[in-house]
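Generate the whole structure from the sequences, applying the supplied hints.
Chains A, B and C are the protein sequences, given in the same order.
All residue numbers for the first sequence refer to the numbering used here, where the first residue is 1 and numbers rise by one.
All residue numbers for the second sequence refer to the numbering used here, where the first residue is 1 and numbers rise by one.
All residue numbers for the third sequence refer to the numbering used here, where the first residue is 1 and numbers rise by one.
Hints listed in this document are in silico derivations from the structure and should not be mistaken for laboratory results.
Check each hint, because a few of them may be wrong.
[Claimed, not checked] Below, in silico cross-link-like pairs of lysine-lysine (DSS-like), each with a Cα-Cα straight-line distance of 25 Å or less: (1) C:K279 / C:K118; (2) B:K279 / A:K231; (3) A:K231 / B:K278; (4) B:K231 / C:K242; (5) B:K242 / B:K217; (6) B:K217 / C:K242.
[As the list claims (entries may be wrong)] Footprint (simulated), chain C over chain A, 3 or more residues, beta carbon under 8 Å: (7) 53-63; (8) 92-106; (9) 133-144; (10) 158-165; (11) 269-282.
Don't be surprised by glycine CBs; every beta carbon is placed ideally from N, CA and C.
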Amino acid sequence: MTTDAGQNCVVSKTARIGENVRIGHNCIIEDDVFIGDGTFIDSNTIVRSGVTIGSESFVGANCIIGEYWMDFCRDRKHHSHPLNIGAKALIRSGSIIYAGSDIGDNFQTGHQVTIREKANIGNNASIGTLSDIQGNCKIGNYVRLHSNVHIGQLSVIDDFVWIFPYVVLTNDPTPPSDNFVGVHVHSFAIVATGAVIMPGVELGQDCLIGAGAIVTKSVPPYMVAVGNPAKVISDVRKIKNKVNGEPVYPWREHFSTYMPWESVGFEVWYRSLDLDEKKQYTLSDLIAEPSVC
Amino acid sequence: MTTDAGQNCVVSKTARIGENVRIGHNCIIEDDVFIGDGTFIDSNTIVRSGVTIGSESFVGANCIIGEYWMDFCRDRKHHSHPLNIGAKALIRSGSIIYAGSDIGDNFQTGHQVTIREKANIGNNASIGTLSDIQGNCKIGNYVRLHSNVHIGQLSVIDDFVWIFPYVVLTNDPTPPSDNFVGVHVHSFAIVATGAVIMPGVELGQDCLIGAGAIVTKSVPPYMVAVGNPAKVISDVRKIKNKVNGEPVYPWREHFSTYMPWESVGFEVWYRSLDLDEKKQYTLSDLIAEPSVC
Amino acid sequence: MTTDAGQNCVVSKTARIGENVRIGHNCIIEDDVFIGDGTFIDSNTIVRSGVTIGSESFVGANCIIGEYWMDFCRDRKHHSHPLNIGAKALIRSGSIIYAGSDIGDNFQTGHQVTIREKANIGNNASIGTLSDIQGNCKIGNYVRLHSNVHIGQLSVIDDFVWIFPYVVLTNDPTPPSDNFVGVHVHSFAIVATGAVIMPGVELGQDCLIGAGAIVTKSVPPYMVAVGNPAKVISDVRKIKNKVNGEPVYPWREHFSTYMPWESVGFEVWYRSLDLDEKKQYTLSDLIAEPSVC
Numbered sequence: 001m002t003t004d005a006g007q008n009c010v011v012s013k014t015a016r017i018g019e020n021v022r023i024g025h026n027c028i029i030e031d032d033v034f035i036g037d038g039t040f041i042d043s044n045t046i047v048r049s050g051v052t053i054g055s056e057s058f059v060g061a062n063c064i065i066g067e068y069w070m071d072f073c074r075d076r077k078h079h080s081h082p083l084n085i086g087a088k089a090l091i092r093s094g095s096i097i098y099a100g101s102d103i104g105d106n107f108q109t110g111h112q113v114t115i116r117e118k119a120n121i122g123n124n125a126s127i128g129t130l131s132d133i134q135g136n137c138k139i140g141n142y143v144r145l146h147s148n149v150h151i152g153q154l155s156v157i158d159d160f161v162w163i164f165p166y167v168v169l170t171n172d173p174t175p176p177s178d179n180f181v182g183v184h185v186h187s188f189a190i191v192a193t194g195a196v197i198m199p200g201v202e203l204g205q206d207c208l209i210g211a212g213a214i215v216t217k218s219v220p221p222y223m224v225a226v227g228n229p230a231k232v233i234s235d236v237r238k239i240k241n242k243v244n245g246e247p248v249y250p251w252r253e254h255f256s257t258y259m260p261w262e263s264v265g266f267e268v269w270y271r272s273l274d275l276d277e278k279k280q281y282t283l284s285d286l287i288a289e290p291s292v293c
Numbered sequence: 001m002t003t004d005a006g007q008n009c010v011v012s013k014t015a016r017i018g019e020n021v022r023i024g025h026n027c028i029i030e031d032d033v034f035i036g037d038g039t040f041i042d043s044n045t046i047v048r049s050g051v052t053i054g055s056e057s058f059v060g061a062n063c064i065i066g067e068y069w070m071d072f073c074r075d076r077k078h079h080s081h082p083l084n085i086g087a088k089a090l091i092r093s094g095s096i097i098y099a100g101s102d103i104g105d106n107f108q109t110g111h112q113v114t115i116r117e118k119a120n121i122g123n124n125a126s127i128g129t130l131s132d133i134q135g136n137c138k139i140g141n142y143v144r145l146h147s148n149v150h151i152g153q154l155s156v157i158d159d160f161v162w163i164f165p166y167v168v169l170t171n172d173p174t175p176p177s178d179n180f181v182g183v184h185v186h187s188f189a190i191v192a193t194g195a196v197i198m199p200g201v202e203l204g205q206d207c208l209i210g211a212g213a214i215v216t217k218s219v220p221p222y223m224v225a226v227g228n229p230a231k232v233i234s235d236v237r238k239i240k241n242k243v244n245g246e247p248v249y250p251w252r253e254h255f256s257t258y259m260p261w262e263s264v265g266f267e268v269w270y271r272s273l274d275l276d277e278k279k280q281y282t283l284s285d286l287i288a289e290p291s292v293c
Numbered sequence: 001m002t003t004d005a006g007q008n009c010v011v012s013k014t015a016r017i018g019e020n021v022r023i024g025h026n027c028i029i030e031d032d033v034f035i036g037d038g039t040f041i042d043s044n045t046i047v048r049s050g051v052t053i054g055s056e057s058f059v060g061a062n063c064i065i066g067e068y069w070m071d072f073c074r075d076r077k078h079h080s081h082p083l084n085i086g087a088k089a090l091i092r093s094g095s096i097i098y099a100g101s102d103i104g105d106n107f108q109t110g111h112q113v114t115i116r117e118k119a120n121i122g123n124n125a126s127i128g129t130l131s132d133i134q135g136n137c138k139i140g141n142y143v144r145l146h147s148n149v150h151i152g153q154l155s156v157i158d159d160f161v162w163i164f165p166y167v168v169l170t171n172d173p174t175p176p177s178d179n180f181v182g183v184h185v186h187s188f189a190i191v192a193t194g195a196v197i198m199p200g201v202e203l204g205q206d207c208l209i210g211a212g213a214i215v216t217k218s219v220p221p222y223m224v225a226v227g228n229p230a231k232v233i234s235d236v237r238k239i240k241n242k243v244n245g246e247p248v249y250p251w252r253e254h255f256s257t258y259m260p261w262e263s264v265g266f267e268v269w270y271r272s273l274d275l276d277e278k279k280q281y282t283l284s285d286l287i288a289e290p291s292v293c
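Laid out in structure tokens, this is it:
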């Protein structure tokens, strides 16, 4: 063990810390933590009992990783649960991630993010600054949440979904109640800034929700919905880039930055997947019906 | 005094700390703080001069309690004022509460909450993650603010109000100006996600404001208002649960989780109150006129 | 050097710290930092390599000033760049400001603010609690952003602009893409709560955008635009104060708190500027055409 820790750290003797791990100043590493090789925990950060952080990760300053559940309403006790974060995570400063979640590899957050318990998050997901993941939800692979997105409990977000700032996925049809119904966002859907999605709504694969839309009914695949209440006004495949007149949707055929098809294009990548690989993604049979309008 | 403090703490000799208080690592407890019996102050938290925190409370990590006023615009000085927080508070990590407010018992916050000075907050209030209470406002008993709610100065929120994420109560009719007029939300009103309430508007008892509504005029009791600008479209008493067809409003007759009538129902609880108890709540004469439509 | 530092601080020997500087507890001051005379760095705050903070400033507790760039997506390295903050700054607790920006004098932030790299911010700017400045943008003199404002990359905000809570300046016309186009907000414009401004839109001088507006087209000077999608409905010069019937816009003729014309009024101040002074501001030829409608 070759830990390089700064000043004023409090590191439990039961923490298992890999090779070439760096720890900043004033850090608190509690019991039974496991930190993979080559990971950097920056100053003032607290890693609570039962957390596993994969190798080659970076956890910024002032974070709380593995925050305990505070069920004070009923029993006024702390509860510790495991939290697993995969390899090569980049968790930016000021973020709070609860115990009791599973998060894949190449995870990335902005600053001051909150992720509560029972969040099941895939690989290569990215959650922007100030986003508030309420827990008890599923977020797929390569999902990109921009800043200040609010994901209510019971939400299901499939792979390759983009959600822009100040979007809210709600869950209570008759507030206040205890009868929550989550939103389901299907693969490749795009939800623009400030949209609010009402409880139980399904956003179809490749659909586009306009900025500020209040979405009260499910939106079929490829449809564009805008307004309050949101109405379907078009098909994404009719949208052209205003500068060059080229089609821009379905976006997977026109955009690939950081996507697994970055070097080859979506169709070549998709056809190259074997059945086991396809099972890792939530994808419809996208190639059989080519995207003609 | 049986204080159990972690490492690297800086605790003033004039702080009065009760029995069985636990203090984490790296905490700063300034002069003249009073901490009640059995309270837990978690690591990295700062409690500033003049703060009282009641017994059996929990203050999460990375909080600043009693933040001083920084009137730097004019005089570039700090000012310390008392801050009183009642018993059994649960203040989650990363929250900042200013000096100069009074907060009742059983207070609860999410993470990264900001509460500025001159906030008068009742008992059993709950303020969600990232909410921003601008101070100089009144928040009643059993008020529930969900995540990321913005309460402008001069707002008045009566008892048993529910406000959902990204709602803003504004206060400037002709921005920018110094002529603020607050919003008044009456008891049992519900404001759904993303609604903006314009200055001086009154939201009547038991009314329901729809998601994304921009409310420019006062809404009478029991009315449902939606849209931009918001219009009254219905009466809450006509709304049925879509699953079982049962009425759901007024919600106090159908929902009781964590409410004082949890075991007996609203009407029995309300009739059992004596006059002194009724004075603690902002309630109209709710029983005389039964909720027929 | 007369540094007054609290307990458990880690201060680099290469940091240059002015006269009468106060540093709280648990602070980390990294290499090559310069802190001007009379400045106060509060507890738990990190000032990273290469930061300059001007004299007579205040940096609240739990801040990270000069946060390094984490280009982990590509090269998994930290990069340090200079950050210059002028004199008399007031940076409230919990804020994170990246390396690689230039910020003028009399800068002010609320709490938990995030400012990313390549932000060019003038003098006397104020950025409210929880606002999220995405970097690579320009913010002029005397700009006031209220709480929870999101400024996308490539935004340009001229002098004396007011932006209210939960406003978003967007930048991607066909999300997701790499073809960003910023919003340009001209001097004296006012954007009310919850408005979303679409990519490439220009908001004309002295215009007023209503609460919750979704602005898809540019708005001419002095016009009032509201709704989703926003439409021009009036001229600001027709708006009267509801209480006293007086005109309230252009606001520079009716409001002066903290403005440079506070004691003399806008026109006297403006006429008194010489050519060099005028160059400091982004102002049209405001006096030649008096504000008749």
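Hints, verified against the model:
no.: 1; hint: C:K279 / C:K118; result: holds (22 Å)
no.: 2; hint: B:K279 / A:K231; result: violated (47 Å)
no.: 3; hint: A:K231 / B:K278; result: violated (46 Å)
no.: 4; hint: B:K231 / C:K242; result: holds (21 Å)
no.: 5; hint: B:K242 / B:K217; result: violated (29 Å)
no.: 6; hint: B:K217 / C:K242; result: holds (14 Å)
no.: 7; hint: 53-63; result: holds (count 5)
no.: 8; hint: 92-106; result: holds (count 3)
no.: 9; hint: 133-144; result: violated (count 1)
no.: 10; hint: 158-165; result: holds (count 3)
no.: 11; hint: 269-282; result: violated (count 0)
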